[in-house]
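4 protein chains.
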Amino acid sequence: MKRLLLALLATGLALTGQAQVRNEIHVPDLGGYTTLKCDFHMHTVYSDGRVWPTVRVDEAWREGLDAIALTEHIEYRPHKDVTGHHGRSYEIAEEAARKSGILLIRGSEITRSMAPGHFNAIFLADCNPLDQKDWHDSFGEADKQDAFIFWNHPGWDSQQPDTTLWWDEHTEIYDNGWMDGIEVANGIDYFPEAHRWCLEKGLTMLGNSDVHNPIGMDFDFYKGEHRVMTLVLASERSLAGIREALDNRRTIVWIRDLLIGEEKWLHELFEKSVQVVDVQRGEGSCTITLQNTSDFPFHLKKTEHDKSFEYFRTYTIEPQSRHTIRVRFPKDYQGEGKINFRVTNLLVQPGQGMDYSYTF
Amino acid sequence: MKRLLLALLATGLALTGQAQVRNEIHVPDLGGYTTLKCDFHMHTVYSDGRVWPTVRVDEAWREGLDAIALTEHIEYRPHKDVTGHHGRSYEIAEEAARKSGILLIRGSEITRSMAPGHFNAIFLADCNPLDQKDWHDSFGEADKQDAFIFWNHPGWDSQQPDTTLWWDEHTEIYDNGWMDGIEVANGIDYFPEAHRWCLEKGLTMLGNSDVHNPIGMDFDFYKGEHRVMTLVLASERSLAGIREALDNRRTIVWIRDLLIGEEKWLHELFEKSVQVVDVQRGEGSCTITLQNTSDFPFHLKKTEHDKSFEYFRTYTIEPQSRHTIRVRFPKDYQGEGKINFRVTNLLVQPGQGMDYSYTF
Amino acid sequence: MKRLLLALLATGLALTGQAQVRNEIHVPDLGGYTTLKCDFHMHTVYSDGRVWPTVRVDEAWREGLDAIALTEHIEYRPHKDVTGHHGRSYEIAEEAARKSGILLIRGSEITRSMAPGHFNAIFLADCNPLDQKDWHDSFGEADKQDAFIFWNHPGWDSQQPDTTLWWDEHTEIYDNGWMDGIEVANGIDYFPEAHRWCLEKGLTMLGNSDVHNPIGMDFDFYKGEHRVMTLVLASERSLAGIREALDNRRTIVWIRDLLIGEEKWLHELFEKSVQVVDVQRGEGSCTITLQNTSDFPFHLKKTEHDKSFEYFRTYTIEPQSRHTIRVRFPKDYQGEGKINFRVTNLLVQPGQGMDYSYTF
Amino acid sequence: MKRLLLALLATGLALTGQAQVRNEIHVPDLGGYTTLKCDFHMHTVYSDGRVWPTVRVDEAWREGLDAIALTEHIEYRPHKDVTGHHGRSYEIAEEAARKSGILLIRGSEITRSMAPGHFNAIFLADCNPLDQKDWHDSFGEADKQDAFIFWNHPGWDSQQPDTTLWWDEHTEIYDNGWMDGIEVANGIDYFPEAHRWCLEKGLTMLGNSDVHNPIGMDFDFYKGEHRVMTLVLASERSLAGIREALDNRRTIVWIRDLLIGEEKWLHELFEKSVQVVDVQRGEGSCTITLQNTSDFPFHLKKTEHDKSFEYFRTYTIEPQSRHTIRVRFPKDYQGEGKINFRVTNLLVQPGQGMDYSYTF
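Chains as they are written, first to last, in my numbering: chain S, 2 to 361; chain C, 2 to 361; chain Z, 2 to 361; chain L, 2 to 361.
What the hints contain is simulated information worked out from the structure, not anything from laboratory work.
Be a bit skeptical, because a hint or two may be false.
Which copy is meant is left open, because identical chains are indistinguishable; a pair holds if it fits in one copy or across any two.
[Stated by the list, open to error] Below 25 Å or equal to it, Euclidean Cα-Cα: the simulated DSS-like pairs (lysine-lysine) are:
no., residue 1, residue 2
1, K273, K100
2, K81, K100
3, K202, K81
4, K202, K224
Every value quoted in this text rests on a predicted model; they were computed, and no experiment measured them.
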C-alpha cells in the first residue's frame, strides 16, 4: 500500500514507508551565484486549489525545486468546510518542507477584479492583515510587512479579454512602491507586454505555475514537460538569499522552451550549458562537437553571415545531448572562421531571441 | 493557465477551459454482462487523504473507470480544519460525477484496531450513524441501511505483522451477516489467504486502490501501470447493476498483472481477450497467430504434454498485441494437435494459475 | 528471447514468437474518401540507411501506417558489402509487407547535386533503368515507366544553404512533365516556399520521413511524437487508390503539430475531429463542450470579433480530449452568438492558419 | 532532418548534425574495481540481425554501456546480399566505437545444433578461422587465439524444449578448456541450471542481450526497461581490464530486476547502493531513512525475526529513491535492535535471494 504515511490513530503507528524520487534540474550556476529553482504562486484546498498543502512540498521535491510559496486567495475561499486563518496552509506544510529541504515562503494572493487584478505578496510575516475591504489597505498591510509584491498573470484573458493593458491603478501601485515585479509567465502563458514593462520600469521578472490541481494533471513529466518556474540567482540557498536576489532582479523565467531574462545572464547560461568539446578544422570545412549539459534545448537560427560559409539554417541543440555541426568554407580560406546565429528561445527582449557568434 | 475551472468570485465568470483525456480500459464483456471497472475504497481531505473530493472523480474519468466510492475513515479525521459531516465528500463530488458519467457510491470506512480492523460499508443512505463508540454498533447501523460491507486489506502489516489471521471477531461479524466480501487485493498487495476465505465462505472478492495521494504519485501510468480495481460483471451500468453483481459475487480483481476470480469468468476472459486469427498447419509444424485485444498480459507456462510436441517453455502475450507461436511435431503426425499450458497470472485458486489447452 | 524471428539453420525451425503492437492513428475520413497514412521516402542498408528492409515494414505497422515506399539512392550506395540491384530492398520487404497488410510501393531516389538535387520516383516497375549518367536520362526512364515523381527536401541546407530557390533545371523538369509533386515537409523541416509552389503550379504536396536510422532513434513516440507523413484521401485502400489520389492532389501533410493542405480538406478535418457535444447557453454566457476524437491538436487564436463577446485569446484543443470553453456576452444579448478564431496549425497558405467561426 | 550523418557523395559534404543522448547507468564500483556495463552478444545484418553495425555502437552509447561485442553467426548468414568476411561488422563499427568511447570486442558465434548448441568466442584476433565443418575445429581455432569462450542461452526452448540439460559434448568442451563461462541470462530468460553450473564448475556468469532487432523494438526504455547485461568488475576501463576480470569471474548479471552473482559482490552492491541517511530511535519505535542511489530496485521480504519487533512483511526499495521505514518494538526495550530480511532479487544461489540484517 503506497498510500501510507498514514499514521493510524486507533491502530497504533504505521509500519510502512513511502518512496519518493527527486529529479534534479540541470542548470548552470551563473555570475558566481547559485541558481535556485522557485515557484512563487500556487494553491491548495485552503483557497480554490484541490490538494492538501503537504502535496505541494512533495511535488516540489520530486520536480527538483528549491523553494515554493503557497499563495492562497485572501478574498476567495470557496471550500467552506475548510476553516482556519489565511496562513494555515503555510503552517501545515512547514514540517514537510523542513524535512525535505524545500524552502517554504509565506505568501498570499490579493485577489481583485481588474484593475488592479491579482497580486502576490510573499515573504509575509502574517497573512491575515491582508484581509481588507479596500485593496489599497491590503497592499498597505503587505508593504508594512516589507513583503515582495508582484502582479500576477497580467494578460489573463478572464480579466484582460483582448489586450494586456496597464491601468491607472497599476501606475498608482507602482508609484506607491507596491509593485516589485510582474509575472511575465504564468501557467502556460508568456506575456510579452509584461516582459517589456519589467525592462522599462526595472521590475523583477517572475514565472510561476499558479497550479490548482495535483500537478501531474497539468504536466506530462515523462514527456519532458516542466512547470513554469523562476530561476533565482542567489548568493546562498536560503530564504534571505532568495529575497536579496529578487530585490536585485536576478531572475530568469523558464516556460516551455523559453528562457526570459537579462542578456548577460542568458549569454552566460548558454555558454555554460553548451560546451565545445572538440573542433576539427580541415581544408574547406570545420567540424564542431558540442555537449549540452543542461536541461534546456536551444533553438538556433542562422543570421547575417559571410556567404562563403555554409552551415545550418536552423538547428536545435536538445537537452543533455551531444551534437556535431559542420561548417563549409572555400578550400583556400585561411583566416578566422565565424558563424552567426540567433538563439530564438533565449528572450532578451519581448519575443526576441539572443544573437550569438562562434569563432574558430 | 491549465489550472482553471476556477470560478472567479470577484471577477465574474472564468472564460477558460480545461482538457481532460480519458483512457478507456479494454476488457471484454463476459457471460452476457457488462464489465464495469470499479474502485470502492479511497480517501480525500475529509479523512486522511490529500486531495479534494472532485479530484477522485477526475482521476477515475481519466483512468477509464465506471464507478468509485469515497470511503472516508469514520474514526480518523486528522485534518482538523476540514469540517463537515461524514458524508460531505460524497456531496461535494456528486455534481462532478454526474457531469462526467462516473457512478458515485456513498460509503465510509469503519476504522478499528485489529480485531476486527478496517471495513468498508458502501451503498449507504447516510454515513453519519456509523459514528459509534462500539464497533458492533457501527456494523449494526451499516447493516440497518442494507450496506454492502467488506473487510479491508486483511493482511496489512500494520495490523497483522507476520501472518494474515482470521480472528474470532471475524467469525462474529461473518455470523451476523455483516461481511459480504473481502479485499483480496489492496494498493500493491495481494492476499492469498483472503482469496481462500472468499472461495470457502462464498464471499465477494474485491480489489481497491485505497489511494490517499493524488493518484499520479502512486502509479506511473505512462509505464502501463494501473490502479488496483474490481471488475464487476453487471447486468447494467448503474448503481443497482453494480449492487446486484456484488451481491451475487460476479467480480474479478485486477492487481498488477494478476486477475483473480472464478475460473468460469477467467476462462471466458482469456478466450475473449486472445483471438486466434490464423492457423497454418504444415508438415511437422503449426503456426498460430494470436491477437490480444485486451489491456491484460497473459503469462503462459508449458504443463504436462505429449513430448513429441515442441513449443515454448514460457511465453508472454502482451496487452494489445499480435503474436505468432510455432509448434513442432513429428513430420508424419496426422492427428489432432494439442498444447497444454497454465496461464500463471489468471488466479483461480490462491496463488495458482489457470490450466488451458489449445487444440488444432 | 525477443530477438527471435531467427529461423535457425542448423537446428531446425524456431519455436519462438514475437510481439508486435500497432498504434492506430485516429484521423477522420474526408470527402467520402478513406484517409491513408503514407510515407513515401526512406532508406535501408541498400543505400545509406542503417536497417534491414523488413524493419521499415515493422516500424510502419507499429506506427499505424498504411503504405510506404523504400527509396534507395540510385547514385549513392556507400555500403559496399551490400550487393544486389536497385530494387532488392523492395523484394526483400515484400513478404513482410504482405503479411502485415502494409502497402509497399516500389521506388528510388534520384540523387544529384543541386540543381536539380534529389527526386523520388515511386510506382516504378523496375528501379534499375534509372541508373544513368545524365540525370535527364534518369528522369526520362522514370517517366517512361509512368512513375510519380516529386522533388525531395527542396530547402535542405546542404544543397540550398540560405534560401529555398527554384532553379532553371526545375523549370525544365516541370515543363517536361517530370515533376508531379514536392515535399513541403521532410524529416523535421517544413518548407513554406515549396508549399507556395505546390499551390501555384498545381503540384501534389508531400511530407515524408526520409528516415535513415532505426526510427526509434529519431522520434520519441512515448512523448506523442510522430513521423512526418502524407495523409492520402483515397477512393480505396490499395496501390491504385493511392496513385489516383496522388495524381489528383488529394493529400494533407502532417509534420509535428502542422497540417498542410487545401482549405476544403482542412476545414472538414477540423469539423470531423472536433465535435460539439454540448452547448449550454444562459443569461450572459454560453458553455460549449468539445470532444476532439482525432490525434491532432488544434491551436486556436482569437481573431477580429464583436468586442462585447469575451472568450479565450488563445486555446489549444489537445488530441483525444474533452474541453469546455466559456463565452461571455452582455446579459440582455438575445441574438445569435459568434466567435471567430484562426486555427494556426492548419496551414491553408504558406505559414498561415485557417480562419473559422463558431455560431451558437 | 534528423536522419543525417548522411555524408553525401554526389553533393559534397553534409552540413547537418545529429543529437545523441547518453543515459548513464548508476551502479556502484565494488571491491576497488570499476564496474563496467557490457553486452557480449548481439547481431547485425552481417548475420541474421536487422541493423547496420554502427547502430549497435550508437545504441550502446545511448544506453550507457562501456563495452560490446558483435558476435555474428559463423554458420548462419541468411542475408545473401551482404558479403564480406566474418570480421567485417567489427571493422565497420570500429571508428564509431572509437569516437564515442565504446570498447569494441571482436567476436563470433559458433552456431551448431544441440549438442553443443551455440557458443560465443570473444577477444578473437581473427574471426575467419572459426569457419570449420566440424565444431571441434571451430573451438580449437578459437582456443588457439586464446579467445574467451562461453555457452549461449543453454535453456533456449528451440534447442532444449523442456529441460535445460548438460550434454556429453559439454563435458568434452569443458574438459578441453573450451568453456570459460555460460550465459545465465539471455534476452528475457534467466537459466537457474546455468547459474548452478557456474557455481559448481567455477565458470564465469554472463548475461547478454542477443539482440537482433533495432533494440528499441525489444525494450521500452521510457518504462525503465533495460537490456540484459554483464556488469564486469575491472581493474581498468580497457579491453585488457575486461578480459582479466572475465578470466577471474568478477561479473554480476543484470536481467530485469534480478542481479546474479557471488554473494560478496552482491552484499557490497546492496550496501553501496542503499545508504542509511537517518536513524531516529525513540521509545518503542525506530525510523530509518534510506537513499537508493543506484538504478536497481531491491525487493525485501521479512525472514525469521524477534517477534517483538514489528516491521514490513515485504518492501520494495525503488531505484533512485528515498524511503522511510518504521520498526516498532516494546516500549521498554533498551538493547540493540535488529531486523532480518531477504533481498529476493539478489540471487546468490539459483533462484534464491540474499539474506541481510540491519542493526540499530
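Hint-by-hint comparison with the structure:
no., hint, in the structure
1, K273 / K100, "between (32 Å within a copy, 24 Å between copies)"
2, K81 / K100, "between (30 Å within a copy, 22 Å between copies)"
3, K202 / K81, "neither (40 Å within a copy, 45 Å between copies)"
4, K202 / K224, "neither (37 Å within a copy, 40 Å between copies)"
Hints 3 and 4 from the earlier list are contradicted by this structure; the remaining hints agree with it.
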